[in-house]
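Undergrad: Chain residues, written in single-letter form:
Number of protein chains: 2
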Amino acid sequence: MATYRTDGLGALGDPTRRAIFELVATGPKAVGELARELPISRPAVSQHLKVLKDAGLVVDEAVGTRRLYRVDPNGVAALRAYLDLVWDRALAAFAAAVENTPEEPS
Amino acid sequence: MATYRTDGLGALGDPTRRAIFELVATGPKAVGELARELPISRPAVSQHLKVLKDAGLVVDEAVGTRRLYRVDPNGVAALRAYLDLVWDRALAAFAAAVENTPEEPS
DNA sequence: ACGAACCGTAAGCTACGACTTACCAAGCCG
DNA sequence: CGGCTTGGTAAGTCGTAGCTTACGGTTCGT
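Order-wise, the sequence lines are chains A and B.
As numbered in our numbering, residues 2 to 107 make up the first sequence, in order.
As numbered in our numbering, residues 2 to 107 make up the second sequence, in order.
Please note that the accuracy of each hint is not assured.
Any copy will do: because identical chains look the same in the list, a pair fits if it lies in one copy or spans two.
[To be verified] Here are the simulated SDA-like pairs of lysine to any residue, each with C-alpha atoms no more than 20 angstroms apart in a straight line:
hint, residue 1, residue 2
1, 54, 91
2, 54, 20
3, 51, 93
4, 51, 86
5, 51, 89
6, 54, 95
FYI, nobody ran anything at the bench for these hints, they're computed from the structure.
The structure displayed is predicted, hence computed values, not measured ones.
Can you build the whole structure from these sequences, using the hints too?
TA: If you want it as structure tokens, here you go:
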């Protein structure tokens with residue numbers, strides 16, 4: 002379940018979420034700290050963080066009353082793997098097209 | 002030229018668009034051909050292709066009355082570069098956190 | 001040259017997602 | 001122990017992205 006919402010690309014599709022993700026990537030950040038650097042309210046940041054966490058892109062850690070978020074290397078690795086796959090298929094298709102230049106296989 | 006952002010991620014955020022992108026990645030495809038393999042109409046595919054093309058992820062080539070689309074390696078490379086940057090920053094932040102054990106940045 | 005096939009664009013409707021305010025739970029500090 | 005701070009959740013509003021049908025332009029085939 003939550004299968005559709007668990008994809009990193011879908012999560013990073015939103016520019017605000019991407020901004021949050023980039024801020025978190027620079028180091029562990031608390032929710033209020035993020036909200037202070039963004040033009041949106043704290044609950045909005047919380048919701049975005051929930052989506053990012055659900056997508057496996059960030060992890061959270063409770064420290065006192067604050068909650069520190071940091072990027073999850075596994076999530077980023079998954080995205081890289083996906084792009085590598087597409088990249089590979091595109092290159093293979095291109096190579097095949099170069100070989101079969103003369104005519105079209107019908 | 003620098004006008005279009007790296008919203009390649011934004012473009013791939015939509016699952017339908019991602020499906021189109023993956024189909025195109027397997028080789029040059031025409032619009033009607035894509036529409037035939039998808040549960041949406043041909044105009045919808047056209048609109049998605051426009052977004053992908055605007056994001057620099059695909060390129061189009063007019064062949065007779067058909068229009069072949071294929072992936073743009075530069076677009077994929079840009080996405081990979083972005084992820085690499087985030088990855089690098091995350092690793093640097095983690096290394097810094099390990100070295101500077103008990104402090105936290107403002 | 002006429003018809004058919006392919007594609008892009010316009011206009012419009014619907015649905016989802018992003019944001020806000022309000023409220024409540026949990027942990028620190030006086 | 002009481003107040004203050006921090007965060008997550010609920011309910012509601014509003015914008016916009018995505019899809020459809022309808023139309024016009026362009027090219028190939030006969």
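Undergrad: Evaluate each hint against the coordinates.
TA: Quick rundown of the hints versus the structure:
1. 54 / 91: between (30 angstroms within a copy, 16 angstroms between copies)
2. 54 / 20: This pair counts as within: shortest intra-copy Cα distance 15 angstroms, inter-copy 23 angstroms.
3. 51 / 93: Neither way: residue 51 and residue 93 sit 37 angstroms apart in one copy and 24 angstroms across, limit 20 angstroms.
4. 51 / 86: neither (27 angstroms within a copy, 23 angstroms between copies)
5. 51 / 89: The answer is neither: 32 angstroms in one copy and 23 angstroms across copies each exceed 20 angstroms.
6. 54 / 95: between (36 angstroms within a copy, 18 angstroms between copies)
Taken one by one, the earlier hints fail for this structure at numbers 3, 4 and 5, listed in ascending order.
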